[in-house]
Amino acid sequence: MSAIATIAFTLGVVAYSASSTLFFVDLARREGAPQAAKWAPWVLAAGAGLHAAHVITASATLNRWPFDSLHFALSLSALIAVSVYLALRQRARIHAIGAFVSPLALTFLVGAQFVSVSAPPTTIPSTLLTLHVAANLLGIGFFMLAGGVSVFYLVQERRLKQKRVIGTGKLPPLDSLDTTEHRLLLAGFPLLTLGIATGAIWARQLEAGGGVEVARALLAYATWLLVAAVLTLRAVAGWRGRRAAYGTIAGVVCVMLVILVYVVRPHGGAL
Amino acid sequence: MIVVVGLSHRSASIAVRERLALPREEIPDVLAELAAHEAVSEALMVSTCNRVEVVATGADLHAAAEAVRSVLTARAPPVARHLYVHEGADAVRHLFRVASSLDSLVLGEPQILGQVKEAFEVARAAGSVGAVLNGTVPRAIRTAKRVRTQTAIGSGQVSVPSVAVDLATQIFADLKGRRVALVGSGEMAEAVARLLAQAGAKLSVIGRNADRVAEIAGALGGEARGWHELRACVAEVDVVVTSTSAPAHVVDFDMLNAVKRSRRGRSLFLIDLAVPRDVDPRVDSIDGVFLYNVDDFSKVVAESAAGRRREAEQAEQIVAREVLGYDRWAEVTQLKPAIVALRERFQSVVHGEVEKSLKTKLKHLGDSDRVALGKMADAILNKLLHTPTQRLRELASESEDAVQLLVELFEIDPGAEANRSGEHAASPADQASEEDEDSAEGDEDFADSNDEEGERALGTGSR
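So the protein lines, in turn, are chains L and C. For the record, in the first sequence the residue sitting at position 87 is 87 according to the numbering used here, with numbers rising by one throughout. Positions in the second sequence are counted from 1; adding 1000 to them yields the numbering used here.
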């Protein structure tokens, strides 16, 4: 890794750690911490900038296109989640979600360092691979954020149901969380569909039939079906609130499992 | 130092308070009346629904208090026995507590700080503020800001309507365009509905008595609907406020189960303010339905109030620290003219003698030697005055006679110096009041600079 990439990585870790702390302080105090709340998004944005600088400089140093390595892809998916959060934060009134997004970005930035940067499969056309990875990356970014929003929905709903509204910081309004979760799923679903479709073509071209590959493909299809079911039930049967949140979290867990299979399979970080 | 004369919710009922309460436009007249009084040199008036107080100062605090009392009593004689008087340090502490909302009917309410600021501005515009109030009121405002930023005294809601609106915003974010049904006609329920309507919600009023329903709907700017429309209304709205005298549940589990499909998962906030309860408690188990009854609200209000009381203890400590700081400032302000006069007196004697020597026995000295001699004289003067100045400061805090003793011993005139520095003393406060209202730190800077100025005058700063 070049010196610039290392510096960007280190400063990115510091910025994400600081923004996590600021968001938690704001959330933990009964009446919030105005100064922490004011600075947290800016520090997070600085972290995202450094994160992006790290990915660009590290991939340039290795002479690798960031979209063809799980090492960079993992890192980029968290960066996308942060970017979407920062773009939606004020309009969707989901400021407190920063307490989920900041540590998530930190985990992925640091965690990606433990995934090797292996060479891309040469049998796959680069355009197809880029399309496949870009769609999945964006989709994962949206789904991770939707998962975090769903968790906050369940916490806020529980507080209101149990009448425990005093003693902790303010969480986003319930309806804002529900609407944001739905919109993130709607945005992520076409990308997930595109990722699965391009993945299916690739798998056929590779004539991949190994057990892990099959499990990964099945898990990806199950995720797609689960998310499709949540969206359909929401549109047709008026599924909202707690059930929709649980469905979204289940979908996000499946997405995480697919990523896990990528990471632990025999060929490590290769896509 | 200052005096505070007035009445509040603690000393008088609303029937008495309203006799003395004044609109903003009439306050300058009272201030002019006070200013015309010989015993009052500066004054401001705080007039709210819960208190009417005059903060004033004069050469004799007791006489100033009597003057204020006579002016207030002349305007409304029945208030005389309800008036309280705070003088000196007690008055400063009272003013700081009032601005910090520690003396408010609703502990921690935010309006009083704005009302104190406004009273200060009105008095400044009327020309009834001088060096003392310019040094006191900004400190009270700064104290109140510290209390609000360093404690959670303003956190939580402490009335049922405000808790209801707060919970509604925790569910729906924006209440603009949300639909609210008011079922029944209880006073508390109407207050809740009014607040929700003020926040932008559309109101429907439902009841068995059509005339009463029309009357309430008219008063609250809502739509009157018949009792038979209750189920349809519950299916449509986001918030239901109930307060009927019905002996059984008017919104039951079956009704909500039946309308669940048509609601398509939309959240429903049920505010049941009736005893016996209007809403079946089992509906709380339905996904997306949030039911709060009188006990739930009482619990939230009690928790908020208890939280504010806990915070008030910390706030009192902040006020006590600020009052101590004020005492030091007042002491410095009081001593400054005497110290400056003393230094000027000594300087004139020393420089006179040096000049005399330079013209006679030391006339052979060159320019550099003359400058060195002048510096040496100043250094001796500073060293000689250092210990007496410090000692004077200590004595002044114990006895008011110290300054008088100094005046008599050295035949100095602190009054002339006080007049020279009077305008100067007002200027930092002018700057403070022009600062950003939320900038507590800015105010702190002002106070610090004022203290530093005093330290320099006393000659205790860096030596």
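Since the hints were made in silico from the structure, they are not lab data. Every value quoted in this text rests on a predicted model; they were computed, and no experiment measured them. Just to be clear, a hint being listed does not mean it is correct.
In silico SDA-like cross-links for lysine to any residue, where the CA-CA straight-line distance does not exceed 25 Å [what the hints assert, rightly or not]:
no. : chain 1 : residue 1 : chain 2 : residue 2
1   : C       : 1117      : L       : 170
2   : L       : 161       : C       : 1117
3   : L       : 170       : C       : 1235
4   : L       : 163       : C       : 1111
5   : L       : 163       : C       : 1306
6   : L       : 163       : C       : 1363
7   : C       : 1363      : C       : 1378
8   : L       : 163       : C       : 1285
9   : L       : 170       : C       : 1111
10  : L       : 161       : C       : 1130
11  : L       : 163       : C       : 1107
12  : L       : 161       : C       : 1294
To see whether the hints hold, each was checked on the structure:
Between residue 1117 of chain C and residue 170 of chain L, the direct Cα distance comes to roughly 30 Å. Violation of the 25 Å bound is thereby established for this hinted pair. Restraint check for residue 161 of chain L and residue 1117 of chain C: not satisfied, since their Cα atoms lie roughly 41 Å apart, outside the 25 Å limit. A distance of roughly 29 Å separates the Cα atoms of residue 170 of chain L and residue 1235 of chain C; the hinted pair therefore is violated under the 25 Å criterion. In summary, the hint linking residue 163 of chain L to residue 1111 of chain C is not supported, as the alpha carbons are separated by about 28 Å, beyond the 25 Å threshold.
Note on residue 163 of chain L and residue 1306 of chain C: the hinted pairing holds, with a Cα-Cα distance of about 16 Å set against a maximum of 25 Å. The hinted pair formed by residue 163 of chain L and residue 1363 of chain C fails the criterion: a straight-line CA distance of about 92 Å is larger than 25 Å. Proximity of residue 1363 of chain C to residue 1378 of chain C is assessed by CA-CA distance (about 20 Å); at most 25 Å being required, the pair is judged to hold. Annotation: proposed proximity of residue 163 of chain L to residue 1285 of chain C holds, straight-line Cα distance about 13 Å (limit 25 Å).
Among the hinted pairs, residue 170 of chain L with residue 1111 of chain C is consistent with the structure: their alpha-carbon atoms are about 22 Å apart, no more than 25 Å. Proposed proximity of residue 161 of chain L and residue 1130 of chain C is contradicted: the alpha carbons are some 56 Å apart, above 25 Å. Between the alpha carbons of residue 163 of chain L and residue 1107 of chain C the distance comes to roughly 23 Å, so the proposed pair stays at or under 25 Å and holds. The hinted pair formed by residue 161 of chain L and residue 1294 of chain C meets the criterion: a straight-line CA distance of about 15 Å does not exceed 25 Å.
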